[in-house]
Amino acid sequence: MGSITLKQVTKSFDDNHVIRPLDLEIEEGEFVVFVGPSGCGKSTLLRIIAGLEDVTSGEISIDGADATHMPPGKRGLAMVFQSYALYPHMTVRNNIAFPLKRAKLEKNIIEQKVNQISNVLNLTDYLDRLPGQLSGGQRQRVAIGRAIVREPSAFLFDEPLSNLDASLRVNMRLEISQLHKDLKTTMIYVTHDQVEAMTMADKIVVLNAGKIEQIGSPLDLYDNPINKFVAGFIGSPKMNFITMTMDTNPEVDSIGVRPEHFNISDTEGTWKGTVGVAECLGSETYLYVQIPDIGQLTIRTDGNCPFKYGDTIFLSVDSENVYYFAKNGTCIPLD
Amino acid sequence: MATNNSKTLARMMVTPAVILLLIWMLIPLGMTIYFSFLDYNLFGDGENKFIGLLNYEFFLTDPAFVDSFFNTLILMTGVLFITLVGGTGLAILLDQAIYGRNIVRIMVLAPFFVMPTVSALVWKNMFMNPVNGIFAYISTTFGFEPIDFFTHIPLTSIIIIVSWQWLPFASLILLTAIQSLDREQLEAAELDGAGKFCRFRFMVLPHLSRAMTAVVLIETIFLLSIFAEIFVTTQGGPGNASTNITYLIYTQSLLEYDVGMGSAGGLIAVVLANIVAVFLMRMIGKNIEG
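Protein chains in written order, with the numbering used here: chain A, 1 to 335; chain B, 1001 to 1290.
Certain hints may be false.
[Said to hold, decoys possible] Straight line, CA to CA, 30 Å or less: simulated DSSO-like cross-link-like pairs of lysine-lysine: (1) B:1007 / A:107; (2) A:101 / B:1007; (3) A:7 / A:184; (4) A:7 / A:113; (5) A:308 / A:327; (6) A:113 / A:101; (7) A:101 / A:184; (8) A:308 / A:238; (9) A:104 / B:1007; (10) A:101 / A:238; (11) A:7 / A:308; (12) B:1196 / A:113; (13) A:74 / B:1196; (14) A:181 / A:7; (15) A:308 / A:272.
[Claimed, not checked] To spell it out: a stretch of chain B is covered by chain A in this simulated footprint if at least three of its residues, at any positions, have a beta carbon under 8 Å from a beta carbon of chain A; those stretches are: (16) 1179 to 1191; (17) 1239 to 1247.
Quick caveat, the hints were computed from the structure, so don't treat them as lab data.
Virtual Cβ for every residue (Gly too), placed ideally from N, Cα, C.
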């Protein structure tokens, strides 16, 4: 249970093509993350899968059955919204029980399930409170509880962590990952945060302007980006792009180097530059280096970095860590 | 008000307005209380003797009082019921994305701007008139006897007129409430397997409860003192069939020139209004606090 297939799905609002013809296969039990800049259509795609938006053309099938025109309640999917969308006038208990009551389960079974879920999610003490009396993280848990309790064939998450503060976000990220390991249910997760995508996903779908740029495992996308967009989007801090031509391959228009792949020296190197801002994070340091004629490069180095504002440094890079891009953005494999 | 200094200043600035307001309210109230203890008839001998609680006794034991008391309650609850149910329905319809929705909204609001006397006259002469009215025309077209609204169902007719006036108010307040409902909640409910009726019952209705409370409280204040519609249409008749307390006080004090009795009736009306208000607050006021 929980495989979803999209065939040539499109979505347009009048002349605005939000989703261009798109094929996607989501296997049972996978944790799939849709990632992309805002407005790339990732939330729309999720809502199409949920049934909250109609497709303009194309087909959706869930577990092999055609679900293109199936109403949302019949698809067996559960969704966690960005705003949590808890029912404000119902207690936590009733919020979690709501989908079960709609499914017309017996009272004692409902109670048993609600208790079980609230145990798992540490909500037992809050069952009789209203959502308005809970903190952001607790609300998030209730929303997840309401989704889990139905035992859906797949979970849909629409940027569920973006309303939480940084430390809570890391915790909830772990909890959701743990949940996936425990439940082994298909999860589809939408985010614009590539860190969330990298840390949680089995499979990342990078979207841009309504079409899929690349699908792959996190490390696959990190190591072998198919084009400049994916290379720039995956990895933090962002990959540095340097415009240059090569004599050996006339197609090459620019090269890309990840911040962690630079070798720093104070005597010799390929590029000579001046250190601008140095951000010391303790475990690592980000140097923003100004190179004449090229611009600013971001360098990531270890915590006890001796360089500071205004120092002159030399940078070089090992050839296996360089990505080459053609004029149209595609990545050119050299070797 | 942060400091003592600014507090004192603020009190001084506010004092004239408060004093003016007190005079404005207390003098009429005091005079009404004073008159209610007098045998004060404008056609009397001018002695205006003190007669104690006799005015109150006469007013409360008047058979018209009991009638008018229940008429007031029926009028109020009838209009409240129609405006709440109809207002919710209209609000849901107006919330749909239809072509020209802004114009429709303004037109729905129109009856609220028509003054009570005018709307009562329009209803009396153009709709409910047993000879020329449109309802009579419809009835005779289908071969039925036209209903003589103000003779046979006077109170119901007035409830219809007043409901027509207050429906826009209820619709508007409930429409703004519906628009503030989080769409994601409805979508979540849809995914949870809730059908249209279920979503209305469990999402929309609880969301509207606060706005409904406001509608009930505000309308009650005005509905207790309906006068113009009765004055223009039935004159409280036939008999006392459509007399409410406001109209009864009018007949006592102005038609019979009995100032003392009118004052006593007015004070009784004030007490009754307060009882209704306390009752309402107890019943639904907690909705507003939350």
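Do the hints match the structure? See the list:
1. Restraint check: the Cα-Cα separation between residue 1007 (chain B) and residue 107 (chain A) comes to about 58 Å, which exceeds 30 Å; the hinted pair is violated.
2. Simply put, residue 101 (chain A) and residue 1007 (chain B) have alpha-carbon atoms about 56 Å apart, too far for the 30 Å limit, and the pair is violated.
3. Distance check on the hinted pair: residue 7 (chain A) and residue 184 (chain A) sit about 25 Å apart at the alpha-carbon level, within 30 Å; holds.
4. About 36 Å separates the Cα atoms of residue 7 (chain A) and residue 113 (chain A), which puts this hinted pair outside 30 Å; it is violated.
5. Note on residue 308 (chain A) and residue 327 (chain A): the hinted pairing is violated, with a Cα-Cα distance of about 35 Å set against a maximum of 30 Å.
6. About 12 Å separates the Cα atoms of residue 113 (chain A) and residue 101 (chain A), which keeps this hinted pair within 30 Å; it holds.
7. Pair hint residue 101 (chain A) plus residue 184 (chain A) holds up; C-alpha atoms about 25 Å apart against a cutoff of 30 Å.
8. Restraint check for residue 308 (chain A) and residue 238 (chain A): the C-alpha separation of about 21 Å stays at or below 30 Å, so the hint holds.
9. Between residue 104 (chain A) and residue 1007 (chain B) the CA atoms are separated by roughly 60 Å; this puts the pair beyond 30 Å, and the hint is violated.
10. A threshold of 30 Å between alpha carbons decides the hint, and for residue 101 (chain A) with residue 238 (chain A) the separation of about 48 Å lies outside it, so the pair is violated.
11. Taken as a hint, the residue 7 (chain A) and residue 308 (chain A) pair is broken in the structure, with Cα atoms around 54 Å apart against an allowance of 30 Å.
12. The suggested pairing of residue 1196 (chain B) with residue 113 (chain A) holds, with an alpha-carbon distance near 26 Å, which does not exceed 30 Å.
13. Taking the CA atoms of residue 74 (chain A) and residue 1196 (chain B), the gap is near 14 Å; set against the 30 Å cutoff, the hint holds.
14. Simply put, residue 181 (chain A) and residue 7 (chain A) have alpha-carbon atoms about 28 Å apart, close enough for the 30 Å limit, and the pair holds.
15. With a C-alpha separation of about 15 Å, the suggested pair residue 308 (chain A) and residue 272 (chain A) falls inside the 30 Å cut-off, and the hint holds.
16. A stretch counts as covered by a chain when three or more of its residues have a beta carbon under 8 Å from one of that chain; for the segment 1179 to 1191 of chain B and chain A the count is 8, and the coverage holds.
17. Counting residues of the segment 1239 to 1247 of chain B whose C-beta sits closer than 8 Å to any C-beta of chain A gives 0, which falls short of three, so the coverage hint is violated.
Hint compliance for this structure: hints 1, 2, 4, 5, 9, 10, 11 and 17 are broken, all remaining hints hold.
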